[in-house]
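So the sequences go chain by chain: A and B. For the first sequence, numbering that gives the first Met the number 0 begins at 0 and goes up steadily by one. For the second sequence, numbering that gives the first Met the number 0 begins at 0 and goes up steadily by one.
Calculated directly from the structure, the hints in this document are not laboratory data. Just to be clear, a hint being listed does not mean it is correct.
The calculated SDA-like cross-link candidates involving lysine to any residue, where the alpha carbons are at most 20 Å apart (straight line), are [unchecked claim]:
1) K98(B) / D188(B)
2) K233(B) / V15(A)
3) K98(B) / A54(A)
4) K98(B) / L137(A)
5) K69(A) / R7(A)
6) K98(B) / T3(A)
7) K98(B) / V13(A)
8) K233(B) / N228(A)
9) K98(B) / W117(B)
10) K98(B) / A58(A)
11) K98(B) / A12(A)
12) K69(A) / W117(B)
13) K233(B) / K69(A)
14) K98(B) / K233(B)
15) K98(B) / N228(A)
16) K98(B) / E176(B)
17) K233(B) / L137(A)
18) K69(A) / A58(A)
19) K98(B) / V33(B)
20) K98(B) / R7(A)
21) K98(B) / F231(A)
22) K98(B) / L230(A)
23) K233(B) / F215(B)
24) K233(B) / F231(A)
25) K98(B) / G4(A)
26) K98(B) / L183(B)
27) K98(B) / W5(A)
28) K98(B) / F215(B)
Which stretches of chain A does chain B cover? Using the computed rule of at least three CB atoms under 8 Å from a CB of chain B, they are [what the hints assert, rightly or not]:
29) 116-125
30) 226-238
Keep in mind the model is a prediction, meaning the values are calculated, not measured. The beta carbon of each residue, even a glycine, is placed where N, CA and C say it ideally should be.
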Amino acid sequence: MTLTGWARWLLRAVMVLGLAFIYVPLTLVLVNSVNGDRTFAWPPRELTTRWWVAAWDNAGAREALLTSVKAGLGATAIALVLGTMVAFAVQRFAFFGRDTLSLLIVLPIALPGIVTGIALDSAWRSVIEPLGVGKGLLSVVVGHATFCVVTVYNNVLARLRRTGTQMEEASADLGATGTQTFRYVTFPLIRSALLAGGLLSFALSFDEIIVTTFTAGPGITTLPIWIFNNLFRPNQAPIVNVVAAVLVVLSVIPVWLAQRLAGPAAGASRT
Amino acid sequence: MRSFLYRHPGARLAGLLSAPLLWLAVAYLGALAVLLVSAFWTVNGFTGAVVREFSLANFRTIVTEEVYRTVTLRSVGVAAAVTVICVVLAVPMALYMAKVASPRSRHWLVIAILTPLWASYLVKAYAWRVLLANGGPVDWLLGGPGRGPGYGLFATVLVLSYLWLPYMILPIYAGLERLPDSLLEASADLGARAGRTFRAVVVPILVPSIFAGSIFTFSLSLGDYIAVQIVGGKTQLIGNVVYANIGAANNLPFAAAIATVPVLIMVVYLVAVRRSGALEEL
Numbered sequence: 000m001t002l003t004g005w006a007r008w009l010l011r012a013v014m015v016l017g018l019a020f021i022y023v024p025l026t027l028v029l030v031n032s033v034n035g036d037r038t039f040a041w042p043p044r045e046l047t048t049r050w051w052v053a054a055w056d057n058a059g060a061r062e063a064l065l066t067s068v069k070a071g072l073g074a075t076a077i078a079l080v081l082g083t084m085v086a087f088a089v090q091r092f093a094f095f096g097r098d099t100l101s102l103l104i105v106l107p108i109a110l111p112g113i114v115t116g117i118a119l120d121s122a123w124r125s126v127i128e129p130l131g132v133g134k135g136l137l138s139v140v141v142g143h144a145t146f147c148v149v150t151v152y153n154n155v156l157a158r159l160r161r162t163g164t165q166m167e168e169a170s171a172d173l174g175a176t177g178t179q180t181f182r183y184v185t186f187p188l189i190r191s192a193l194l195a196g197g198l199l200s201f202a203l204s205f206d207e208i209i210v211t212t213f214t215a216g217p218g219i220t221t222l223p224i225w226i227f228n229n230l231f232r233p234n235q236a237p238i239v240n241v242v243a244a245v246l247v248v249l250s251v252i253p254v255w256l257a258q259r260l261a262g263p264a265a266g267a268s269r270t
Numbered sequence: 000m001r002s003f004l005y006r007h008p009g010a011r012l013a014g015l016l017s018a019p020l021l022w023l024a025v026a027y028l029g030a031l032a033v034l035l036v037s038a039f040w041t042v043n044g045f046t047g048a049v050v051r052e053f054s055l056a057n058f059r060t061i062v063t064e065e066v067y068r069t070v071t072l073r074s075v076g077v078a079a080a081v082t083v084i085c086v087v088l089a090v091p092m093a094l095y096m097a098k099v100a101s102p103r104s105r106h107w108l109v110i111a112i113l114t115p116l117w118a119s120y121l122v123k124a125y126a127w128r129v130l131l132a133n134g135g136p137v138d139w140l141l142g143g144p145g146r147g148p149g150y151g152l153f154a155t156v157l158v159l160s161y162l163w164l165p166y167m168i169l170p171i172y173a174g175l176e177r178l179p180d181s182l183l184e185a186s187a188d189l190g191a192r193a194g195r196t197f198r199a200v201v202v203p204i205l206v207p208s209i210f211a212g213s214i215f216t217f218s219l220s221l222g223d224y225i226a227v228q229i230v231g232g233k234t235q236l237i238g239n240v241v242y243a244n245i246g247a248a249n250n251l252p253f254a255a256a257i258a259t260v261p262v263l264i265m266v267v268y269l270v271a272v273r274r275s276g277a278l279e280e281l
């Protein structure tokens, strides 16, 4: 677009302001994690690392982190299997209700989390609990997997659409069995899509709070629940802030991983 | 076994679909259906037990009582305001990224927009709680405790816009990236200035992307009750009312009835924007 210098300048100004709007609050969390004042008096008068030490020694936070990782891994594993299956079915077959199915997959993430949360909670209590399995970590994994399927499904579906079936047909023509074709042809083709979908799915699960509130059994505290429970306790504020700062720093990892995954493509777009 | 599967694609399809369908269609849709049905039940005010008889009492309460109308209108207003703020910020930012920035800085800008998506929702809401606290940095910037907006409805709209802004930028950016430069050059060659090109070429092409982004900003704002608790002060949205009826009031049927309100609004919204082709942009 042929923009006048003035319009370019304006767009650049909005971009800078927008980025500042996005990053100033996150930076503040990082700065406050070393703010010596217990109530984050601003501007900080002294800097300290003692909140980091206190957070490291906080058993509740560490246990919550472990629970979150377990729930995320479980939900991601289920989502990888189910999402891939549905993606193959939708891409490789024509069947009655295919469009409805692709809508059904999006539903758990499109509906407000509180609706999914109450629905799963009352279903668990009225159907599964009488079988002797009370709410616990398992119900959290089930709840998270329900809305994680869509991330894997989307990634694998996009990959299958792009690659087509010629490679697999060639493999079959050369005499490979179905298992061999899957192992040496199909799986390598969709591997990076699985990684991307799995990464997204883990991040979704790791950050989820609403569905977790309703599906977690007694004594199951994920990291978001722990943060929320301690958010309104003034004497826990510095430790909550350190945990928040850690999460801000950790959020760089998936972006870095995604960059590595994209590899040559990202490199090409950089030139 | 293998030749059976080869000769019967139906069996292959059944194998692929059985587990996901059992999970999503039977378990999840079943749970939703039970929730919907329970919206027509009531709770015995004396014993607190759920009365499983069809009744429109819950919906009558929601429609007739002033407080629920106010909360619904306020929630829709907040969701709409958040969506408008996100569009106003996202369009120029995406335009800069896609059509002004050099390819090299474009790459880094996309990363800069993507990274906060991975940062925790709670951490972002928490950051604003600290920013807006009485005597916090915003107050300090504006000249002393109590000078800033503090917690309340304004803070809620601000924080929700902050949370969902990247969800608006990304689809608009994707839409602009697909817009060929030749179209813009043609418009310029025909004598249109930047403003005219923007209105006559860019905006019509962006409409589906904007609607796609608005599905996120609108529905995520409509269902939210956590950010409101963190920075909203005493503000109540639909989500809070649902939550209060499950927890303190222990009235699941009424909670289910209120929960149908945002679902209905979302369904109407989805049907309305579907005609623009927004759903293919998701």
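Contradicted hints - numbers only: Numbers 2, 3, 4, 5, 9, 10, 13, 14, 15, 17, 19, 21, 22, 23, 28, in rising order.
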